[in-house]
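A.B. asks: Mind docking chain X on chain V? Use the hints.
Listed below are the residues making up each chain.
Protein chains: 2
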Amino acid sequence: MFVIGIDGGGTKTIAILVSSTGEIVAQATGGTSNPNSIGIDEAKNELLKLVHSLSIQNPKAYKNVVSVFAGLSGIESPKYKEEMKQILQNQLPEIAVTIDNDAVIALFSGTFGEPGVVQISGTGSVTYGLDSKGNRHRVGGWGYLIGDEGSGYAIGRAGLHAAFLEKDNRGPSTEISTLLLEYFQVKQIDSMIPLIYGERARTTIASLSKIVMLAADHRDQVALEIIKYQSQQLGEQITALIQISTFQLEGKIPVVLTGGVMNRSDLLLNDIVKTLKDHGINQVEVTVPKLPPVAGAVIAAFQAVNKNLDKISFQNRFLEDYV
Amino acid sequence: MFVIGIDGGGTKTIAILVSSTGEIVAQATGGTSNPNSIGIDEAKNELLKLVHSLSIQNPKAYKNVVSVFAGLSGIESPKYKEEMKQILQNQLPEIAVTIDNDAVIALFSGTFGEPGVVQISGTGSVTYGLDSKGNRHRVGGWGYLIGDEGSGYAIGRAGLHAAFLEKDNRGPSTEISTLLLEYFQVKQIDSMIPLIYGERARTTIASLSKIVMLAADHRDQVALEIIKYQSQQLGEQITALIQISTFQLEGKIPVVLTGGVMNRSDLLLNDIVKTLKDHGINQVEVTVPKLPPVAGAVIAAFQAVNKNLDKISFQNRFLEDYV
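Line order of the protein sequences matches chains V and X.
Numbering-wise, the UniProt record's numbering puts 283 at position 283 of the first sequence, and it's gapless, one number per residue.
Numbering-wise, the UniProt record's numbering puts 107 at position 107 of the second sequence, and it's gapless, one number per residue.
I should point out that these hints are in silico values taken from the structure, not numbers from a laboratory.
Take these hints with a grain of salt, some might be off.
Copies of the same chain are indistinguishable here, so a pair counts whether it falls within one copy or spans any two.
Stated by the list, open to error - Only pairs whose alpha carbons sit at most 20 Å apart, straight line, appear in this in silico SDA-like list of lysine to any residue: (1) K274 / I40; (2) K60 / S37; (3) K85 / S55; (4) K85 / L48; (5) K49 / P93.
Pulled out of the complex, with its shape left as it was, chain V reads as follows:
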């Protein structure tokens, strides 16, 4: 029994063909499949190309696919969602095809298909919840110009801001300034401006979060304060989601932390958890999943055909194969 899991993000799309024991028998990566970025026709093509690639890599397993689950960004529009479903259903008739947003698969990569809360913090940030009644909730995710607190963008921007405050004699000395000069290969802080502003400003700034984290590793006080504040913001967003009156979950609430920033969860975790506790939220189980989001799509694909997985052995086998 095989399924296809698809993770469609803002910059790339990953599709994998996996057995219920977690064996990955085919894997393909393409560009973004976000219809808001590239148009619906291009997005459909991207999905088809990837599925086609899986079929060629392992025709035998492909014939035994029983379910497809795609977690896609940019499918808030019901029309887009339906079109994406149709294109996959036409390609794989008579099997279960589900399209959902990419936050759900990120959640499932940590909860193995159970409800809970996921905090995604990559270039942008969003908090997403699925409760035991199947209700969905969202906090944040307003984009880089308005919010995206606790995102790579927010951390990178705060680092830049600190460097310019130091330059203007308005803020304390920070190693971030030195690291930025080195990173951009310039001699003066102002010289970074034309290198930052441009079409890719958002991702350029988000990538500077790594510089802030490096400075924090060196115990730079300004960097540590930025990380602390942004972690608190993430904690506040998770709190807001859990406190939404219609959010219902019995027992401990799983809180899954994912996205590029969480590669450095060692720097953020304590302050996130502390913020939750400060708000009286103790009944949570915070995890940083070992599995990538696309594994959440695979888990959801098995769930769609009522196939229970042996969690630990599935995870271990999957991670052996996953590139």
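C.D. replies: Frame of chain V, contents of chain X only:
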């Protein structure tokens, strides 16, 4: 004796032909003359068109022009500055032609040509100082993604942020939300997102500062706090400039507040002055000029040929004519 004053901003360029008594005998307005936005050739054309228009409007006064002063944005590059000077000098040979940045003329519109500090707060913000030795200093002005504290953009962004915090149950109720829904003609706060993000996001957000100010007029606490914080940021920037070790000025330092945000200086002035005082800066004279920046260019043009103006009568006459 007539001079030409030119104010070249990010969206429009104004040129006027004025007598030493402040009588405006010709006035022309064109698009931006910022070479970084439209290229140097287009920028030069824009200046020529305006000067040509002045010459047609009043050929007699034009023949008696003794000096031209242009305060232009985007001429940090010495090459651009020289090219802009040449194009005007070719057009008006044998008379004094000066090109300077647009912050200087904003300063002079408040100091009548004397050194001092100018805080510009329009779509963006920058603090600029000219000391008694002719040294120039700058604080802030890093653009909307990194800083621009106290700008229209910063105020508008803070207003949006407050509305989204309220929506997410993370912040207090604010009239800003109601006013934003009305302004964008939408029913839900999220529905604003596609209307905000786009090519003109920066100016769209900056224009929302008016909404924050309207809410502040109604004594909305969130709006009042935004205005207070942003005013403090302006005060901090002015403080940083005055504290730059090489900035030298005897007696009271003139501090000129200009730009679109300062149309509502009634809301900002107290907290700006209080912030300066909190930093021990008392020897300042803070003014919001009645004259527009282009008048600063006119004053500088007369100064370039050593012509002293009768300040008050010049100002009154100028404002009678200025449209």
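A.B. asks: Does each hint hold? Answer for all of them.
C.D. replies: Hints, one by one, checked against the model:
{"no.": "1", "hint": "K274 / I40", "verdict": "neither (42 Å within a copy, 55 Å between copies)"}
{"no.": "2", "hint": "K60 / S37", "verdict": "neither (34 Å within a copy, 58 Å between copies)"}
{"no.": "3", "hint": "K85 / S55", "verdict": "within (18 Å within a copy, 67 Å between copies)"}
{"no.": "4", "hint": "K85 / L48", "verdict": "within (11 Å within a copy, 59 Å between copies)"}
{"no.": "5", "hint": "K49 / P93", "verdict": "within (17 Å within a copy, 67 Å between copies)"}
Comparing the model with each numbered hint stated earlier shows that hints 1, 2 do not hold.
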